[in-house]
Amino acid sequence: MPLIAPSHYRPPTYLWNRHLQTIVPALFRNVPIQYQRERLTTPDDDFLDLDWSYAQTSNGQAVKPPLVILSHGLEGDSSRPYIAGMVRHLNRHGYDCLAWNFRGCSGEVNRQLRFYHSGATDDLEMVVRHAIREGYEDISLIGFSLGGNLTLKFVGEQGADIIPEVKRAVTFSVPIDLGASTAVISSGFSRVYLRRFLQHLRVKVERKEKLYPDKVSSQNYRQIRTFVDFDDRYTAPLHGFKDARDYYTRNSAIHFIDKIQIPTLLVNAKNDPMLAPECFPEELARRLTWVWMEFPEEGGHCGFAPASGDSDVYWSEERALRFLEEHK
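The numbering of the sequence shown is numbering that gives the first Met the number 0, which starts it at 0 and goes up by one.
Since the hints were derived computationally from the structure, they do not count as laboratory data.
Idealized CB from N, CA, C, for every residue including glycine.
Don't take each hint at face value.
[As the list claims (entries may be wrong)] Label-pair restraints from in silico Cβ distances: (1) D242 to T56: 48 to 54 Å; (2) E317 to E282: 23 to 29 Å; (3) N219 to G134: 47 to 53 Å; (4) F27 to D160: 23 to 29 Å; (5) T40 to D257: 32 to 38 Å; (6) G239 to R190: 25 to 31 Å; (7) E37 to R321: 41 to 47 Å; (8) E282 to N219: 40 to 46 Å; (9) T56 to F27: 27 to 33 Å; (10) D228 to V108: 27 to 33 Å; (11) N29 to R321: 20 to 26 Å; (12) R221 to R28: 28 to 34 Å.
[Claimed, not checked] Only pairs whose alpha carbons sit at most 27 Å apart, straight line, appear in this in silico BS3-like list of lysine-lysine: (13) K327 to K258; (14) K327 to K166; (15) K63 to K166; (16) K241 to K166.
Required output: the full structure, derived from the provided sequences and hints.
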């Protein structure tokens, strides 16, 4: 029964509600990381920017250390504290890390009409196969939020035929039911997050409009008030989906989790202000063999700050490393 209960995570006392647990780590945590950037050209004449950070003990080794490929969340990138903190912790414990930036998320607009989206597993597979060509034979995947949904969908799609070098996966704060979670973020205080995301996405739309003025328009963008509005107008038609509902149905990780065939951990905080009740499928967890689910009472969205102010390591980073080590 891979349902882990109870979870032992406890937040610091000064982060006393879900919004503080979400906002403070995102805005006030600083994790300096020195990446080595590589640009990967895609078969459709686009590019992905990959940021590498190497284990402190990896220099001069004849055999490559284990590699972790990290996927960020909506409108994130490799510099976000939840990514950088995880990279630093894993580097300290002997793991090379590859934090990849989704199309258009590395500070430069991508060349093709398509953006990135919650189910674009073709790009993740491209990154994985590139790492294998670089000589890595033991690869783990870690994903956060949208990147977590992408990770779970990728592993589930592959099922028993998963690329053999991919050994395990860990995900945090994942909207595994995309449609249900869009309703949550459109209500109450969570609309603050929604408005911020839509503001960032507007910049992406305007940049894309300059490249493809006959196919992308930012006119009347103010009328977009929800993710459904945005995905109906942009995400679905640009990526081959009928509408937002079709996009959510075909890409929600909840439909792929039961097909996963490698050790996988899903951690969602029950007080996450962006997740719907459907993102805590306890009954499903009890039936699965390969997927462990852990639902701490608190933690916010991509938060999980340490209870002790003396530590620079977040609980999520300790939790991920422990899972990777337990399933070598």
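Outcome of the hint check:
1. D242 to T56: 48 to 54 Å: holds, 50 Å
2. E317 to E282: 23 to 29 Å: Since the Cβ atoms of E317 and E282 sit about 28 Å apart, the hinted range of 23 to 29 Å holds.
3. N219 to G134: 47 to 53 Å: Between N219 and G134, where Cβ atoms are some 50 Å apart, the hint holds.
4. F27 to D160: 23 to 29 Å: Distance hint for F27, D160 is violated at roughly 43 Å.
5. T40 to D257: 32 to 38 Å: The hinted range 32 to 38 Å holds for T40 and D257, with Cβ atoms some 35 Å apart.
6. G239 to R190: 25 to 31 Å: holds, 29 Å
7. E37 to R321: 41 to 47 Å: violated, 29 Å
8. E282 to N219: 40 to 46 Å: Holds, at about 43 Å.
9. T56 to F27: 27 to 33 Å: About 31 Å separates the Cβ atoms of T56 and F27, which means 27 to 33 Å holds.
10. D228 to V108: 27 to 33 Å: violated, 22 Å
11. N29 to R321: 20 to 26 Å: holds, 25 Å
12. R221 to R28: 28 to 34 Å: Because 32 Å falls inside the window, the suggested range holds.
13. K327 to K258: Answer holds: K327 to K258 is near 21 Å, not above 27 Å.
14. K327 to K166: The given pair, whose Cα atoms are some 8 Å apart, holds under the 27 Å limit.
15. K63 to K166: Holds, at about 15 Å.
16. K241 to K166: Violated. K241 to K166 sits at ~34 Å, over the 27 Å cutoff.
Hint check: violations occur at hints 4, 7, 10 and 16; the rest are consistent with the structure.
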